[in-house]
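2 protein chains.
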Amino acid sequence: MTGKFTETLAEFASGTLSTTLLSQSIGRLSALDWLACGLAGIDEPVAKILRSMAAAEAGVQSACMFGGGAGPPRMAALVNGTISHALDYDDTHFAHIGHPSVAVYSAAFAMGQHLNCTLPQVLEAALMGMELSVRVGLWLGRDHYQSGFHQTATAGAFGAGVAAGRLAEFNATQMAQVLGLTATRAAGLKAQFGTMGKPYNAGLAASNGVEVAQLIQAGFEANSEALEGEFGFGATHHGSANIKDALAGLGKVWMFENVSHKFHACCHGLHAALEAARELDLAAPEIAELQVRTHPRWMTVCNQTAPNTGLGAKFSYRTVLAMQALGLDTAGLRNYSDETCGRSDLQALRDRIHVKADNSLSETEAVVNLLRRDGLRRESRHDLQSVVDLDIRKNRVLDKAASLIGNNRSEIAWAMLHENVSCSAFSELFGS
Amino acid sequence: MTGKFTETLAEFASGTLSTTLLSQSIGRLSALDWLACGLAGIDEPVAKILRSMAAAEAGVQSACMFGGGAGPPRMAALVNGTISHALDYDDTHFAHIGHPSVAVYSAAFAMGQHLNCTLPQVLEAALMGMELSVRVGLWLGRDHYQSGFHQTATAGAFGAGVAAGRLAEFNATQMAQVLGLTATRAAGLKAQFGTMGKPYNAGLAASNGVEVAQLIQAGFEANSEALEGEFGFGATHHGSANIKDALAGLGKVWMFENVSHKFHACCHGLHAALEAARELDLAAPEIAELQVRTHPRWMTVCNQTAPNTGLGAKFSYRTVLAMQALGLDTAGLRNYSDETCGRSDLQALRDRIHVKADNSLSETEAVVNLLRRDGLRRESRHDLQSVVDLDIRKNRVLDKAASLIGNNRSEIAWAMLHENVSCSAFSELFGS
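For the protein sequence lines, the chains are A and B, in the order given. Mapping the first sequence onto this note's numbering, position 400 (from 1) lands on 400, and the numbers just tick up by one. Mapping the second sequence onto this note's numbering, position 273 (from 1) lands on 1273, and the numbers just tick up by one.
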């Protein structure tokens, strides 16, 4: 007997899709964002290690990989999931407590290309997978995350499996089997943060999803009760099992719509301050003093005061705000360089920026106070959880993609995402 | 900084091996037992599904699979780990709380053949992996198992990784990386018991070990602190972290030596009774009445009173004891048949066998009381945890192997296990 949570998710995931236009639009933005992050990550050391493993195994070339080459779909999902998360620049969902696209799109594109699906079919399946992964993440909850699990990997695997199963046209019984079998192999610890293990966790989720769907398709019989129940994945992995919240409005409300895209190629803790400062229309010469207030947890994470390296800059309020005021695009990877840190104008400006902890703010909020040389004072506040207007969001994702992969390729991809082309045609963009 | 448990295990696993003759002998017996179980399992439905996935992916053919064909070592480990556990007839270690060989030998043979190692090198690496997997299993402990984790899969993955890393000649730093990276992907739930997911869990462990070792070999950098520590695998997975017991005598005592081999192709709950009855030298016509006393937990597991099918026979005290008394080899798979259940002499005998729960016995104990037709009464008691003399054990493993794969093949394999042949030469036996 399948439990209520599994049964409801399985029926939803195998049923008729009734998406909103908004969810479809945001799905496309996340697909573009995922593509841009994947292509931007192809030269990372972990990307090379994963591709070399794929090359050594060889096998059928039915799914393209970021950086070139193709392999079996399980392998392509592993490689693409890892590479697209290598820069930690992909989208985030706060209810999911993780990054849904890297697991789900990596699985959906690998399976979709392998099965000769169309791009609209892949986008539809991914939307289903994203929604499932957010709902499973919510069901696992903060306890699961706080105890040490990396939701991107754990909840992500269930979403990846559902997306792959949708492309294989699974019925509700098969979808329940997907959820049950995924329960025995979904894994990933936050202990890997700061190492190659973090992006690898995303690759695991994507690959697990493809493998599980392929096995169920081949007639594998698992326990479809293994997600919930006394000895299920939730109970064994410190899940909160908040079934009411996790199923709220399923089929009507698309929780996935609240996904956040990252618009700055630096530590997430800096984003709220950069967004707040953006409203102030900073111009470097005008700044007499700039004060940033942020949640205390970020003070030990991303408050390097005077870094000398591009990597250090990514963890420095003072540096990224000075970059923004000097007109250096904080969405572009190349601007975070040793050279930038060495600029005398940046260093002079940096010294006029002060950072303070503020207990009254949430982790997603920041307040920036500007004192101009002419004596004018202005304050701006931003919460990353606030809803962004679709048009604004669209322009910013397109700008980010252009900054990462060039205007030309970004426009080709964006146009294609609105057309009834094959999944293979789109996947050819994964080559470098 | 690497924690004490990881550091100690990593140094041991990469250091000079000082095994005892006993551990080497038992290692060979387990290798033969694993081979026999693997070959006996090749026609199971789950075996066919896994081999068909391997065939569909194709790729380099550097590691042989049970039932024929070869594939990349990650895939061969997944396939062989699953197939060799498909019948649940492989060895068990009570401190490990699981089946060590299916994970470790499947990884060691796949990696060993891939790296062109010799058979003695593979056996040495497997011995190290088996010992590590038992020690990690002990460290995770009963809490981990009781909460729902399948130690064969979880502890097994660490042993598999160490065996694969040993064949790649890893130093202590690399071994610590193996343990750390395995921590983010070791998984497997007992919720899959009774489904294809159970043997698949063993395949996961083997494949995870190979993948992790290959990544570390390619320069992958993981957190070597991820097994232990506040947010490590142990803490997140309800581990007991009993470091003192888990490291006791490491390097001198080979805990692996206490591994139990299964000598009856039926539910483990029946084995103690069969072993006890063996001492009574039953002869069917002499039996007036036979009484079995067993731990209460088995009464709902394997006390089918009058099964009609071969599968049912595997869960029936009365049937297997009647089989034994009639001279039907309980080590052979074919004797558990519908035909056997239909035999009138078996049914007549079965009616004279009575099963009782006895709270005073442990789960590994049974007592059998025989009343012969001539009025003689005899009692026999057996505990599966009691140490078996090496010569007796050897003869019984060889008999079992002969019963499963034929005398000829069993003898060839056993001879080869004492020679300095290539791993490839031995692996050719995996073909059906």
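These are computed hints drawn from the structure, not numbers from a lab. Some clues are possibly wrong.
Only pairs whose alpha carbons sit at most 25 Å apart, straight line, appear in this in silico SDA-like list of lysine to any residue [stated by the list, open to error]: (1) 1048/B - 173/A; (2) 1048/B - 1193/B; (3) 48/A - 1315/B; (4) 48/A - 1048/B; (5) 48/A - 1058/B; (6) 48/A - 1059/B; (7) 1356/B - 1315/B; (8) 1048/B - 219/A.
Partial list, computed: chain B residues near chain A (C-beta under 7 Å) [what the hints assert, rightly or not]: (9) 1055; (10) 1060; (11) 1068; (12) 1069.
Just so it is clear, CB atoms sit at the ideal spot from N, CA and C, and this is done for glycine as well.
So, going through the hints one by one against the coordinates:
1. 1048/B - 173/A: 22 Å, holds
2. 1048/B - 1193/B: 19 Å, holds
3. 48/A - 1315/B: 51 Å, violated
4. 48/A - 1048/B: At roughly 34 Å apart (the allowed maximum being 25 Å), residue 1048/B and residue 48/A break the hint.
5. 48/A - 1058/B: 22 Å, holds
6. 48/A - 1059/B: Holds, because 19 Å separates the two Cα atoms, which is no more than 25 Å.
7. 1356/B - 1315/B: The given pair, whose Cα atoms are some 15 Å apart, holds under the 25 Å limit.
8. 1048/B - 219/A: The given pair, whose Cα atoms are some 10 Å apart, holds under the 25 Å limit.
9. 1055: Where the cut-off is 7 Å and the nearest Cβ of chain A is about 10 Å from residue 1055/B, the hint is violated.
10. 1060: 5 Å, holds
11. 1068: Result: violated, 18 Å to nearest chain A Cβ.
12. 1069: Hint violated; residue 1069/B Cβ to chain A Cβ min 13 Å, cut 7 Å.
In summary, the numbered hints that this structure violates are 3, 4, 9, 11 and 12.
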